[in-house]
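Those sequence lines, one after another, are chains A and B. If you count by our numbering, then the first sequence holds residues 1 to 702, one letter each, in order. If you count by our numbering, then the second sequence holds residues 1 to 702, one letter each, in order.
Hints should not be assumed to be uniformly reliable.
[Stated by the list, open to error] DSSO-like, lysine-lysine: derived pairs with alpha carbons at most 27 Å apart:
1) A/Lys-341 - B/Lys-471
2) A/Lys-485 - B/Lys-578
3) B/Lys-247 - B/Lys-234
4) A/Lys-485 - A/Lys-102
5) A/Lys-287 - B/Lys-311
6) A/Lys-690 - A/Lys-614
7) B/Lys-244 - A/Lys-579
Simulated from the structure, these hints should not be mistaken for laboratory data.
There are 2 protein chains.
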Amino acid sequence: MRGLFKATLSKLVVGALMVMGALGESALYGDEGMWLYTNPPIERIKSKYGFEPTRDWLDHVQRSSVRFNSGGSGSFVSADGLVMTNHHVASDALQKMGTKDKNYYRDGFYAKNHDQEVKCEATELNVLMSIEDVTAQVNGVVKEGMDQSQAAMARRGIINKLEDDSFRNSGLRSNVITLYQGGVYHLYRFKKYTDVRLVFAPEQQIAFYGGDPDNFEYPRYDLDVAFFRVYEDKKPAKVKHFLKWSKDGCKENELTFVSGHPGRTTRLATMEELAYSRDIGFPFLLKRLYRAEVLLTAFSARSEENARQAKETLFSIQNSRKARLGGQAGLMDPELIARKKAEEQRLRDAAAKKPEFAEALKAFENIAKAQKVRADLIKPYSMLEGGAAFNSELFGIARTLVRAATEKGKPSAEKLREFIDSNRESMELSLFSEEPIHNEFEILKLADSLTFFAEEMGLGNPLVQAALGGKSPQTRASELILGSKIAQVAERRKLYAGGTEAINASRDPLILLAKAVDAEARSLRKRMETEVQEVTSQANLKISKVRFSLDGTNTYPDATFTLRLSYGTVTGYEENGKKVPAFTTFAGLYERSAEQRNKPPFDLPELWQKRKEKINLKTPYNFVSTADIIGGNSGSPVINKGAEVVGLIFDGNIQSLVLDFAYSDKEARAVSVCSQAISEALTKVYDAPKLAQELATGKASH
Amino acid sequence: MRGLFKATLSKLVVGALMVMGALGESALYGDEGMWLYTNPPIERIKSKYGFEPTRDWLDHVQRSSVRFNSGGSGSFVSADGLVMTNHHVASDALQKMGTKDKNYYRDGFYAKNHDQEVKCEATELNVLMSIEDVTAQVNGVVKEGMDQSQAAMARRGIINKLEDDSFRNSGLRSNVITLYQGGVYHLYRFKKYTDVRLVFAPEQQIAFYGGDPDNFEYPRYDLDVAFFRVYEDKKPAKVKHFLKWSKDGCKENELTFVSGHPGRTTRLATMEELAYSRDIGFPFLLKRLYRAEVLLTAFSARSEENARQAKETLFSIQNSRKARLGGQAGLMDPELIARKKAEEQRLRDAAAKKPEFAEALKAFENIAKAQKVRADLIKPYSMLEGGAAFNSELFGIARTLVRAATEKGKPSAEKLREFIDSNRESMELSLFSEEPIHNEFEILKLADSLTFFAEEMGLGNPLVQAALGGKSPQTRASELILGSKIAQVAERRKLYAGGTEAINASRDPLILLAKAVDAEARSLRKRMETEVQEVTSQANLKISKVRFSLDGTNTYPDATFTLRLSYGTVTGYEENGKKVPAFTTFAGLYERSAEQRNKPPFDLPELWQKRKEKINLKTPYNFVSTADIIGGNSGSPVINKGAEVVGLIFDGNIQSLVLDFAYSDKEARAVSVCSQAISEALTKVYDAPKLAQELATGKASH
């Protein structure tokens with residue numbers, strides 16, 4: 001989970017992820033589905049598990065679920081506005097609230113009473129209060145004879161109006177959500193909480209126990225939990241809907257539900273798109289990730305200061321690498337691919353039967369052609385526009401300066417999207433950031449990426465020649481970084497303010513380089529956007545109509561960062577002929593630490609060493625289930641049939657990364673913290689019986 | 001240095017290194033050259049440095065130089081047979097002599113007197129006593145009208161005779177050495193020492209201080225030294241020639257000499273061969289190394305046991321990766337390439353002028369064509385024959401069993417070379433090794449390499465399909481490893497003894513897989529050997545004649561693991577605009593350790609922590625010079641004009657890795673331990689004043 005929405009995605013992956021999303025299956029498999037609360041698979045659940053969620057049950061769970069604006073999920077767990085989520089969902093907030101004297105992120109925190117609860121700036125929580133189907137209104141404005149752009153404009157108009165009207169009438173944040181690739185439009189109304197205070201967080205060391213080596217792995221031993229409290233009028237908010245706590249947690253083979261906000265799936269991708277990813281996209285991206293990981297690991301090994309400089313980027317690369325490897329493994333699984341193929345055939349067959357779907361058959365061809373263009377473009381595009389040829393902070397700054405000057409005069413519609421007015425503030429924030437830039441690290445990355453550029457495009461390529469300027473990559477990188485003045489923020493401000501004139505007059509070697517490659521970079525971007533993205537998304541719309549005609553809303557739409565309900569069984573799996581059990585225990589945590597001689601990232605926090613005698617070591621700690629989740633689900637509550645919290649989603653195993661493309665329950669598992677483990681840790685380790693009590697009773701005690 | 005001859009080369013690199021070696025430059029550059037003792041560049045040294053080595057000087061240094069049969073160089077440093085080399089040259093011997101109670105390799109050793117000196121099994125030292133030019137005799141047997149194979153046979157005959165006669169007459173080990181690609185033949189006579197005993201070694205921790213992160217880097221802080229003593233008739237051997245010790249070491253800008261055994265250079269490679277390496281060979285090999293390094297690093301991070309299993313392979317991969325990156329950087333240096341190009345032009349021009357060299361012009365074309373074939377073959381060759389598709393110990397064993405059965409019946413000349421009689425013993429040793437094989441590690445490597453196979457060759461490739469057998473790479477790898485019985489040595493013995501019949505009857509999944517890909521693997525190997533290696537080596541011979549006609553022996557031949565003399569200046573260099581000083585000191589060692597908080601591999605041995613107060617921290621510790629060295633030079637003495645030891649070669653910096661292709665003094669440097677540092681450490685840290693005394697006086701004291 002961490003990778004998919006928490007750790008900022010490495011710049012490296014942007015190119016590969018950019019173009020995806022299409023059409024697909026309907027034959028549901030096992031406990032598949034990220035279901036809309038308006039359309040849960042009641043019959044499926046009833047027939048398999050003999051349990052039938054009622055409308056009240058669904059409304060209650062929906063309104064107990066919370067979305068973090070920083071990305072991630074959570075839930076109310078007491079009537080007094082107590083919110084549970086992951087430590088890693090809270091990490092932005094924890095890091096921002098830190099001071100010179102107090103490192104909340106690293107050391108954890110517990111507020112013994114409301115007065116000690118610490119306000120988090122810029123944290124906003126949203127609760128989905130109501131859902132209204134507005135498909136008829138939205139589609140009603142599209143009249144016969146309108147061309148595509150008129151239709152789009154009309155749709156945008158009614159959507160804006162629906163949102164404005166709803167906000168005026170309800171006072172609630174209102175958003176029209178596009179589902180099923182435009183088959184359905186829903187109006188969501190959210191209650192917003194902006195006074196959010198930290199109640200409890202454990203040490204990062206135990207929250208992310210095992211660090212990168214154990215990330216996406218199982219068995220696990222992480223207490224990845226944090227508690228906040230929402231306030232209204234400076235008092236703890238009274239909430240009607242919250243999830244009760246299960247002191248017994250869940251058992252093997254038990255049915256559980258997950259309520260949260262899965263971010264993005266591409267389950268509707270066509271076979272051609274999957275083949276592109278498998279044969280071209282993932283291998284090329286992985287090649288870059290491997291290279292970058294080795295470069296940064298070797299650099300980090302040379303000194304602690306190096307390790308500090310590279311740490312964040314390195315973690316993000318490792319995380320992306322694992323995620324991509326997991327996805328690639330899925331794309332090479334013949335069983336899974338056979339399912340995808342059968343589903344595509346179902347759509348093609350249906351399309352072939354009706355003349356009005358002729359366009360959809362053509363759409364498959366268009367997507368196939370677009371994949372060929374994409375395959376041709378991906379290398380130069382990644383190099384020049386994706387920046388793989390110029391992996392350096394300073395080059396990024398130089399490019400922004402060069403482009404900002406050119407874009408300044410353009411009408412909004414013609415601007416590159418990172419330069420439109422609504423993005424200007426964040427662009428300037430990063431452009432003028434005082435974050436230190438380290439020359440040695442910059443030269444290392446730039447020399448390596450110039451070498452990669454020459455290897456991939458050929459030393460004779462004119463742009464390679466221009467980039468190298470007759471020097472070796474090492475010499476050139478050194479000359480570019482040491483010869484540039486834009487490491488100084490004042491220099492950036494001058495060039496930014498001076499616009500085209502200043503840029504044209506500049507002899508700064510990095511500005512000159514950014515200018516030299518800009519025309520080709522822009523042209524590749526334009527081709528990628530028009531010949532691949534646009535073509536694919538228009539084709540998807542057409543195929544989507546066939547699917548919708550077959551299934552209607554009898555299935556779930558691709559994930560859209562909005563609230564969904566998943567369900568699954570608590571159960572282990574088999575890996576390399578060995579049974580991986582569903583549960584770990586606190587005893588396992590101490591064993592893992594001992595077996596690793598308590599070395600980072602397997603070291604135990606001091607408190608956990610001291611309190612070992614007090615803890616019931618048999619307490620279940622982490623568990624896996626077959627629930628259908630993806631990045632964005634981090635922090636989701638896992639509940640039982642009684643809507644009681646039995647766990648807290650915090651990761652998926654490496655095999656779960658295939659869930660991006662298709663559900664599987666063979667080895668893919670969601671990974672959670674057990675509710676009992678949270679209670680036990682609060683009581684025995686953190687001296688927080690009051691908080692444990694609040695969970696148990698659903699009420700804060702004052 | 002370590003990588004190039006000490007750490008066993010990763011299997012990965014075999015494919016890329018296999019085919020190389022050709023023709024090249026003569027215009028000498030700076031302090032270039034690995035010179036024959038029969039033909040030192042006296043005029044060049046005299047005119048640049050005002051020093052003229054005499055014949056006596058040369059003979060003395062030659063006979064003070066020692067070659068280790070395990071690979072590596074050394075020198076006599078006392079009249080009583082004391083030999084100095086590197087700890088890492090001694091490491092095989094140190095590891096073999098270890099017992100349950102004594103780890104010589106890790107903990108070091110010092111024999112206070114001769115009685116305590118420990119005999120090393122299977123260690124042999126050779127001293128080159130005389131050199132005789134036998135070119136006329138060798139070429140004399142080749143008569144007009146002989147075809148190529150008759151000529152080769154005649155040459156082989158006279159060489160055998162010369163070696164036999166010499167051994168009978170002198171009692172000395174005698175070898176005819178081919179130099180200048182066959183332009184010159186020398187008869188070398190060696191005095192052989194087989195009773196070799198360990199006198200002193202420091203802790204591995206200080207010998208290889210900084211570990212892999214600092215390998216091939218500078219500044220450095222390594223005490224990479226060990227002392228042996230050769231015995232004759234169970235008494236310390238009396239040697240006439242040994243190098244005196246310089247207590248003052250060398251100074252910045254001083255002229256120094258290096259006498260040792262550089263292993264292999266390919267300075268005569270044509271431009272087409274260099275372009276192949278730069279554009280195809282190195283990028284593809286690096287891609288594999290990066291992938292393998294990440295795989296093993298991530299695996300190692302998960303547990304200490306994993307780290308232990310992967311350690312040796314991982315170090316070898318890291319070492320190869322650094323070496324290849326250094327070489328690639330050189331191939332992208334326009335200055336260096338311009339020099340190589342000019343030299344090739346010189347040869348082409350000369351060839352164009354004389355009709356008898358018409359074949360040489362054609363030879364350049366043939367090499368160019370062979371590079372194209374090589375580029376076409378390298379991927380499938382590496383996958384199938386190089387084993388990149390089946391990275392697993394067990395697959396290697398299965399292949400050996402399958403091939404051993406097929407090869408058994410063949411006449412010697414038709415056998416694959418690893419199966420000819422003289423290689424059988426070592427093949428069987430490794431085939432029946434009881435070294436444990438770890439299933440999880442095997443599955444990990446095999447699943448990853450099957451994925452790589454599918455990515456590189458396409459999932460639709462029939463051999464990929466056959467290898468995967470309709471499964472995903474992960475499932476298939478698990479089934480192959482867990483389903484095979486050849487992890488048991490008894491099973492291997494049975495299949496080996498049973499020959500073709502047993503192999504044909506076997507249902508072992510790995511045997512079946514090895515059989516399924518064998519025909520194609522063999523065919524690729526055959527094509528690589530005949531269409532690339534053979535064509536290139538015949539062409540080289542022809543180009544070689546042109547070069548020899550121009551320069552005769554006015555230059556040095558490519559390195560051949562035989563004794564050479566290099567020279568150079570003690571001087572730092574500039575890197576990324578920063579001056580890297582020539583010398584480090586003991587003070588620097590303590591600073592580096594403090595800056596790294598004494599964490600491995602930057603931790604100081606206990607003794608070094610305790611004795612800090614005693615040590616003169618200003619003592620020069622390591623230094624760099626422009627001497628022309630390569631792998632095999634490890635352990636070479638660095639001497640001054642007075643033939644006194646001022647240092648001990650133990651590594652080259654990363655920029656020196658280009659010396660494989662061409663000499664450079666811009667940033668390429670040889671890295672040595674200072675003689676003063678050795679004396680200081682022996683006296684102040686190791687309580688070995690007697691040994692320090694023996695160095696100072698050239699005599700053992702009893």
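Comparing the hints with the structure gives:
| no. | hint | result |
| --- | --- | --- |
| 1 | A/Lys-341 - B/Lys-471 | holds, 16 Å |
| 2 | A/Lys-485 - B/Lys-578 | holds, 18 Å |
| 3 | B/Lys-247 - B/Lys-234 | violated, 31 Å |
| 4 | A/Lys-485 - A/Lys-102 | violated, 36 Å |
| 5 | A/Lys-287 - B/Lys-311 | holds, 23 Å |
| 6 | A/Lys-690 - A/Lys-614 | holds, 18 Å |
| 7 | B/Lys-244 - A/Lys-579 | violated, 67 Å |
Hints 3, 4 and 7, counting from the list given before, are not met by this structure.
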